[in-house]
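Participant: Please model the entire structure based on the sequences and the hints provided.
Here is what each chain is made of, one letter per residue.
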Amino acid sequence: MAAAESSPPPPVTSTAMRNAFGTVLSALILLLIGVLAFSIRLFSVIKYESVIHEFDPYFNYRVTQFLSKNGIYEFWNWFDDRTWYPLGRVIGGTVYPGLTLTAGTIWWVLNAINIPLSVETICVFTAPVFSVFASWATYLLTKEVKGSGAGLAAAALLAMVPSYISRSVAGSYDNEAVAIFALIFTFYLYIKTLNTGSLFYATLNAIAYFYMVCSWGGYTFIINLIPMHVLLCIVTGRYSPRLYIAYAPLVVLGTLLAALVPVVGFNAVLTSEHFASFLVFIIIHVVALVYYIKGILTPKMFKVAVTLVVSIGLVVCLIVVAVLVALVASSPTGGWSGRSLSLLDPTYASKYIPIIASVSEHQPPTWPSYFMDINVLAFLVPAGIIACFSPLSDASSFVVLYIVMSVYFSGVMVRLMLVLAPAACIMSGIALSQAFDVFTGSIKYQLSSKSKDDAENNTSTNNSSKDDASSGKADKGEEVAKERSSKKGKKKEREPSEKPSVKSKILKKKAQVLPLEASIVALLLLIMLGSFYVIHCVWAAAEAYSAPSIVLTSQSHDGLHVFDDFRESYAWLSHNTDVDDKVASWWDYGYQTTAMANRTVIVDNNTWNNTHIATVGTAMSSPEKAAWEIFNSLDVKYVLVVFGGVIGYPSDDINKFLWMVRIGGGVFPHIKEADYLRDGQYRIDSEATPTMLNCLMYKLCYYRFVETDGKGYDRVRRTEIGKKHFKLTHFEEVFTSHHWMVRIYKLKPQKNRIRGKAKKLKLKTSSGSSSKSAKRNPWM
Amino acid sequence: MADHKNLPHHFLLSLSLLSILAVSQPDRTKDLVSLRSSSESGVIRLKNDTVSKFITSVPTPRPYSLIIFFNSIDLNSKTLQELRAEFGFASSSFLANNNNRSDVANKLFFCEIDSSDSEAFHLFAVQSLPAMCLVDPLMENPQDQEVKIDEYDFDGTAESVAEFVERRTNFTVGPINRPPLLSKPQISVIAALLVISTPFLIRKVLKGETFLHDTRVWLYGAVLVYFFSVSGIMHNIIKSVPMFFRDEEDSNKLVFFYEGPGYQLWGEGLSVGFLYNLVGLLLAYVTSALVRVRNVNEQRVVMMLAMAISLLAVKKVVYLDNWKTGYQIQTYWPSSWH
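In order, the protein sequences belong to chains A and B.
Under the working numbering, read the first sequence as residues -15 to 764, first letter to last.
Under the working numbering, read the second sequence as residues 4 to 341, first letter to last.
Honestly, I wouldn't trust all of these hints.
[Unchecked claim] Reference listing, derived: stretches of chain A covered by chain B, where coverage requires no fewer than 3 residues with Cβ under 8 Å from a Cβ of chain B:
id: 1; region: 351 to 363
id: 2; region: 516 to 522
[To be verified] Straight-line Cα separation of at most 27 Å, DSSO-like style, residue types lysine-lysine; simulated pairs:
id: 3; chain 1: A; residue 1: Lys730; chain 2: A; residue 2: Lys621
id: 4; chain 1: A; residue 1: Lys278; chain 2: B; residue 2: Lys207
id: 5; chain 1: A; residue 1: Lys621; chain 2: A; residue 2: Lys735
id: 6; chain 1: A; residue 1: Lys287; chain 2: B; residue 2: Lys242
id: 7; chain 1: A; residue 1: Lys640; chain 2: B; residue 2: Lys242
Hints in this document: simulated from the structure, not taken from any laboratory.
C-beta atoms are modelled at their ideal positions from N, C-alpha and C, and glycine is treated no differently.
Facilitator: Next up, the structure:
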């Protein structure tokens, strides 16, 4: 990357040639970066298959399917009755539509030009494609800050940063896949506007912001970061008309556009997350007025005027602040959502919102998380920060602010590491580019001076003066070029970072060189560091982040095992049940059931109704009869449980069971966590409490389990289960998948009332050997 | 005296007792009210003598309930005093919310007993602090575990005290009023100072004379924030982790590094954060400061030193990471290379 820049200052005539060569080379490198970014995300397809991952992506996939089938207006008004039965959910008004619309558009365009790809294929590959765009956007952004060398380095780093890979492997069809591109691109357009002062870019910026709002709730990061930067510029005396053009249209247009997104709506002006931008909007107008008056008045008059203007401006500001404070105070939690509050006061969530604190991706990270997610970039960022301060420009101050804010937020919530990753790449790109620049420059200068020394041994003093002269000439040439471009008006500051780099190179020619051999060693070390980064990223992409979690594999001594039980069971549901049957399961499997089995579920991963989830939790924690009554009242026909005891799949329902108890007990107090714990310990062996051994979840998971190995040994809990032989009275087993991972039960129909038929609990009479025949339903 | 389970009998007895004690009891209530009005936040400090006066020597049913917080000033425990303050908020809120209803306000009194009054303290058989108990009108035996507040009920906030009172008695405490962080005159003084100083500040800002105009301040700030975040200090604060562990087998040995990726100690976070920053700062020093040095030998020595330190730092972090997380990074060389 530095190679294009490190040739000696050429005569003016060859500059154009050199620039053209540089452009072509950059384009080629960018293309390769794109290929890299795309292909490193294909491990999941190669190792598994082209399949959509995890939970949320299945919902997005289902929405995209609906969109491509029914069109945008139907999608906008979609009321989904397949979920949250009997409540249903308004999909059109409660999703961020950016991702769905993007994939839908791609599908529509491809079909229009007769490339018949399925919706699923489009969904699987949306994330890798957008990560290509994201690395190009990173190039553009970093180029605006520190020149194209840094841009290329940053783009290459971003193409394979593990943190971003974790959310954008093929099949990971989630909002972040497109949102990170939108985030970087919005920042790029902001910086571009700031550097050029062009209203064209300002408008584009607002549109990019709109796309970000469509895509992800994380857009609040933008609408707080940019005002902070504007405020910073004003406070440090960097106000300029360009700043005004970069900011004012963004707030006006951006807020109007954001309010168009149904899920945001009036929140764009009503919630505190957006108030900072309005406050800064007012401040920048006051400041602009002050600068304007300063321009048209004599210094003496200005002093008089400044008192007047400042006092009027202050009054206006105070009134607005008062209104804002009143608005904030009038809303509960001060208008801030719990998640935002826990960012500002990190201890807030752990004190007041257990449901946020309990989610693993909301935990604060430890130092290995940084090493896992940004790897060696963690070492390079400080160098990048310092490089941004020499010299500090509007653009570089923005990226410094970006890294500071994002690194702080990532320290609070591990999930926000995703926002940190682009900033870390930009900073490291800048650091690497500067280091390469210095080291290769030193090597080149000393090699060339050495050869010159060999050629004209005696005239070394002349040489340096000649060098000075030639560099002076080049400087003059630059000056002329600068003047010419400045006549063109606003474009004069298009690429301000190019000039300092050329200038500094000339200065370096004179004095700033490092010893030859040390520079070579340093270069080698940097390349080693980069190689380690590449190896780590490839490893992370291949091993850590590519598992679709819908298909599982395990490598054992006798080869590879594939566990495809989930899809097997969802297929069973879709083929063997009535289309209107209701299936109850814990909320984790709601999205998958609706998307893959096309059956109505009671709760799903969009956990908007706590009471409903608590109802299901209560049913799972209740004894069979009570559970049957709850499920029956919800029209449930089938109950689905996920059980890993046979193959040792740890994230099964028995391990999640305490959460069901807690959430159920939070709404229905007769469920008490203590009843399920023996001396504070959660156990399912013979020491387990009777409540635990008789609850529905235990029974549905361990029904006939003893038949697998004769002992009932649970390979996840590593213990023999407490109650091995029992019969089900109100449920009947209808399906158990190949590896017993998914078990589906049907609610037995209500029994006729027959007098004298006693309650039957003949557990002790039936022994393990004859349990197969004992499976007969006594109710029918 | 009276058998609790025998209600009619009990009722008759209490009626007769009421008539006998009709003269003395209002005085006790009056005493309590006067004690309450003289105390801060309405929490009555019960001493050895007053405990017997208001509790043990009063025949049941007493015309009032007492909720007692067991305190120990000598213990000098910060958490205990925080709990005591919350208890005070509950008390003052109860008083404020039932201000004009003496029939309610004079039936429930918030009290505390300090461990220096050991007789009274032992009367309730308090084994551990924090402890609270409710003395309802019918309570006979202070040692009865029934009167104690369960740990489940009390999570340390005034709200939980109020909830407990509302559940066990007929009284409602109502919303808890905590004093604001700053009192009203303080706020107005601060606001006035702000308003007055704003024009001067703005003038300074316009002239560009504040410390904010010094880019070095921003530089140090940015690197500092980065250091704090990558060393996981937020994690340490939120989870309030210790600086180090003592080894379970050998108490003289200190454990600074915790094995397992989900948790870290202060010591390890800071040291790895330092290593993260060290490499970057050295690189920045070499590329932006060392290049200006004229002496070639000096450059050479410093660079070699910097590179050696960086190499060691990176190796150390990689080693620690592999040890802590248990991951082993594969390189995916072609299989023929092995």
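Participant: Compare the structure with each hint and give your call.
Facilitator: Hint by hint, here is what the structure shows:
1. 351 to 363: holds (count 9)
2. 516 to 522: holds (count 4)
3. A:Lys730 with A:Lys621: OK: Lys730 (chain A) and Lys621 (chain A) at ~6 Å, within 27 Å.
4. A:Lys278 with B:Lys207: holds (16 Å)
5. A:Lys621 with A:Lys735: Holds. Lys621 (chain A) to Lys735 (chain A) sits at ~15 Å (cutoff 27 Å).
6. A:Lys287 with B:Lys242: violated (54 Å)
7. A:Lys640 with B:Lys242: holds (23 Å)
Comparing the model with each earlier hint shows a violation of hint 6 alone; every other hint is respected.
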